[in-house]
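Protein chains in written order, with the working numbering: chain D, 1 to 115; chain S, 1 to 408; chain X, 1 to 136.
Hints may contain errors.
Unchecked claim - To give an idea of the chain X side of the interface with chain S (calculated C-beta under 7 Å), a few residues: (1) Gln39; (2) Ser40; (3) Ala43; (4) Asp51; (5) Arg56; (6) Ser57; (7) Val60; (8) Phe61; (9) Val64; (10) His65; (11) Phe68; (12) Asp71.
Hints in this document: simulated from the structure, not taken from any laboratory.
By construction, the Cβ of each residue, glycine as well, lies at the ideal position given by its N, Cα and C atoms.
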Amino acid sequence: MTVSDGEFDLGLGVLDHQLVDRDGRNCGKVDDLELTGLSDGEPEVAFILVGGNAWRGRGVLGRLAAALSGNAVRVPWSEVDEVSSVVKLKRSAQELRLGRGDDRAARLVRRLPGA
Amino acid sequence: MKQFLQIALGILSAIGGFVDIGDLVFNTQAGATFGFELLWVVVIGVIGIIVYSEMCGRVAAASKRPVFDLVRERVGFGAGLSTLIASEVVNLLTCAAEIGGVAIVLQLLSGLPYRFLILLGVIGLVVISWVLPFEWLERLFGYVGLCLLVFAVAAIKVHPHWGGVAHGFVPGVSSGNRLVYMYFVVGLLGAALTPYEVYFYSSGAVEDAWGLKDLRINKITSIIGYGLGAFLSFSLMIVAAVLFLPRGIDPQFLGTPALGAEAALGKIGLVLALVGILFAVGGAAIETSFSGAYNLAQFFGWQWGKRHRPSGAPRFALSWLVMFVLAAGIVMTGYDPVKITEYSVIFSVVALPLTFLPILLVANDPAYMGSNRNGRFSNVIGIVYFVLILAIAVSAIPLMILTNGGQG
Amino acid sequence: MRLIARIAIPLAALLLLVACGGQGTLGKKALSQEAKGIQSLAAEGSLLAGDAARGRSTTVFTRVHARFLRDAARKSAATLEHGGTSKAQRLGRVADRVGNDLERLSRSGSDRELQRLLEHDLALASAAAKRLDKSL
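Can you build the whole structure from these sequences, using the hints too?
If you want it as structure tokens, here you go:
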């Protein structure tokens with residue numbers, strides 16, 4: 001189902017789903033959603049929040065996890081290409097500032113032989 | 001023909017990889033304490049692991065994603081995180097126990113100092129895991145682990161009273177201390193129903209790129225493989241029952257089951273037993289550490305998998321490295337690995353409902369499974385086992401305390 | 001505040017007394033546990049020694065495993081030394097004997113004669129521990 005297909009249940013359809021970039025690389029999960037238009041009665045997703053304090057709204061354990069993390073990355077909903085079992089994005093993780101944890105870790109790992 | 005070979009190889013690998021330090025310790029102690037009376041529990045445990053493994057394999061083949069990857073989507077962030085934390089704690093403890101086991105067996109083979117062997121063992125495991133591709137890891141440890149079949153030979157050689165053995169497969173209450181009996185029931189089930197095994201299996205299925213057409217082969221492989229693996233557990237218990245129970249030997253050391261193989265078959269039995277234990281336990285150390293890395297990466301959505309180069313899935317690679325280091329650290333403190341094993345199995349039992357429920361839920365979900373979701377048979381057995389799991393999870397710690405760790 | 005202190009301090013002193021006092025003597029159950037432990041270690045040691053004497057083991061395995069058994073026996077002996085009762089003392093002497101036998105086994109190399117002797121002695125020690133356990 002693509003984004004333009006109209007409504008789908010946000011709770012089940014997108015939240016906690018895997019984010020995959022244009023090249024098929026895993027770049028986190030949909031940790032939270034930022035909605036607009038709530039007051040109009042026509043809510044829609046403005047941003048996907050990934051990582052860090054995006055877990056603030058996800059229950060007690062979420063708040064604990066958020067307290068230990070930095071800022072979340074906000075991905076505009078317009079960047080979403082397709083929503084199926086994963087959420088496919090239009091651009092690469094790097095361009096969207098996602099997957100930076102892996103980039104940082106890669107710098108360390110590359111120093112090891114055979115990496 | 002090629003398919004037959006593939007199945008045969010898979011079965012061999014599953015048999016050799018079936019036993020880990022928890023099975024070694026609990027099956028041997030159960031035999032030395034209650035003779036053949038607990039054989040039926042092993043059967044129940046094996047059926048359970050077959051059923052849940054099959055579900056995990058089917059999930060991986062149908063959805064192309066491992067079970068744990070789907071846990072967070074299915075049960076939400078909070079519950080998913082609880083499952084993650086519980087799994088990681090148990091994985092770490094189990095990994096530590098296995099590494100301790102590796103060091104002890106190396107010591108029994110070489111006579112070199114224990115702490116040095118912990119380091120050597122961990123470095124060896126890390127290098128092997130880093131260098132070998134996924135399939136070869138499974139094969140190496142699975143095939144050499146087949147040396148454990150020496151216990152099956154030993155079990156026959158010691159001429160057990162086969163009537164008594166047959167009787168042991170009939171569930172019943174014991175003639176001895178009831179509480180200690182229940183403790184061993186819980187421990188044996190916990191040693192057989194290991195979450196890390198099924199999560200590793202599920203991720204491995206995706207690593208090996210199983211599709212729906214591979215499903216049948218893999219069902220057969222896991223059923224026969226685990227089924228035959230159960231014979232290793234029976235053998236450990238039978239050998240202990242015949243050689244240790246009459247002498248009043250209470251197995252407190254990893255060398256004790258090896259001594260059993262030695263008493264039955266001499267030097268060759270001893271060496272095969274030690275080598276088999278080394279590779280079975282070493283393989284389990286790798287599985288637990290990787291299972292920990294898979295769980296972390298899949299919960300947070302990182303790149304994961306041995307199929308990528310380490311720099312292609314760096315946080316995943318660092319995760320299993322750190323897991324090995326932490327586990328080695330725990331063993332370095334000098335805690336007896338056999339004691340650590342007992343704790344890791346009991347804690348694993350306590351966490352079993354949290355770790356097994358998501359499997360049942362995901363395998364039933366048509367959104368991931370389509371027409372491959374659980375049929376009635378799988379669900380009935382899955383639910384029956386889940387109730388059993390709840391029962392033992394609740395009674396595990398009280399039994400451990402009341403029986404002073406099975407000492408009575 | 002003063003009332004709490006008046007109750008708490010004597011209570012703490014009493015608990016301390018009980019705890020320290022209790023450490024001196026080994027209760028019947030603990031003693032039986034120790035006896036079973038010694039009996040098990042001696043039996044296992046006897047099995048090990050017997051196999052070694054018949055060339056059915058490797059020298060490394062015999063040495064290393066005997067040491068594990070010896071350490072456990074020595075730990076038991078140390079506990080029993082502070083056991084208080086005469087039964088504990090007697091059991092402690094058996095534990096000492098088992099520990100020494102296991103030490104000699106670990107050093108026995110390929111001395112088959114010695115290993116045969118140790119097999120026999122450890123079997124006797126195991127039986128002695130069992131008798132002591134029954135008499136508790």
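* To do: Let me know if the C-beta of alanine 43/X comes in closer than 7 Å to any C-beta of chain S, holds or violated.
  => Holds. Min distance 4 Å.
* Asked: Against chain S, is histidine 65/X within 7 Å by beta-carbon distance?
  -> Hint holds; histidine 65/X Cβ to chain S Cβ min 4 Å, cut 7 Å.
* **glutamine 39/X as an interface hint toward chain S, with CB separation required under 7 Å** => This hint holds: glutamine 39/X lies near chain S, its Cβ roughly 5 Å from the closest one there, short of 7 Å.
* Asked: Would the stated hint for aspartate 51/X survive a check requiring a Cβ distance to chain S of less than 7 Å?
  -> holds, 6 Å
* Asked: Under the criterion of a CB-CB separation shorter than 7 Å, is valine 64/X in contact with chain S as hinted?
  -> This interface hint holds because 5 Å falls under the 7 Å limit.
* Per the CB criterion, is valine 60/X less than 7 Å away from chain S? -> At 4 Å from the nearest chain S Cβ, valine 60/X passes the 7 Å test, so the hint holds.
* **Interface hint for arginine 56/X, Cβ within 7 Å of any Cβ on chain S** => holds, 4 Å
* Asked: Does the nearest C-beta of chain S fall within a distance shorter than 7 Å of the C-beta of serine 40/X?
  -> Status holds, d = 4 Å.
* Against chain S, with CB atoms and a cut of 7 Å, does the hint on aspartate 71/X hold up? -> Hint on aspartate 71/X: violated, closest Cβ of chain S at ~10 Å, above 7 Å.
* Supplied contact hint for phenylalanine 61/X, tested at 7 Å Cβ to chain S -> holds, 5 Å
* Measuring from the C-beta of serine 57/X to each C-beta in chain S, is the shortest one below 7 Å? -> Holds, about 6 Å.
* When the least beta-carbon distance from phenylalanine 68/X to chain S is tested against 7 Å, hint result -> holds, 5 Å
Going down the numbered hints, you'll see the structure goes against just number 12.
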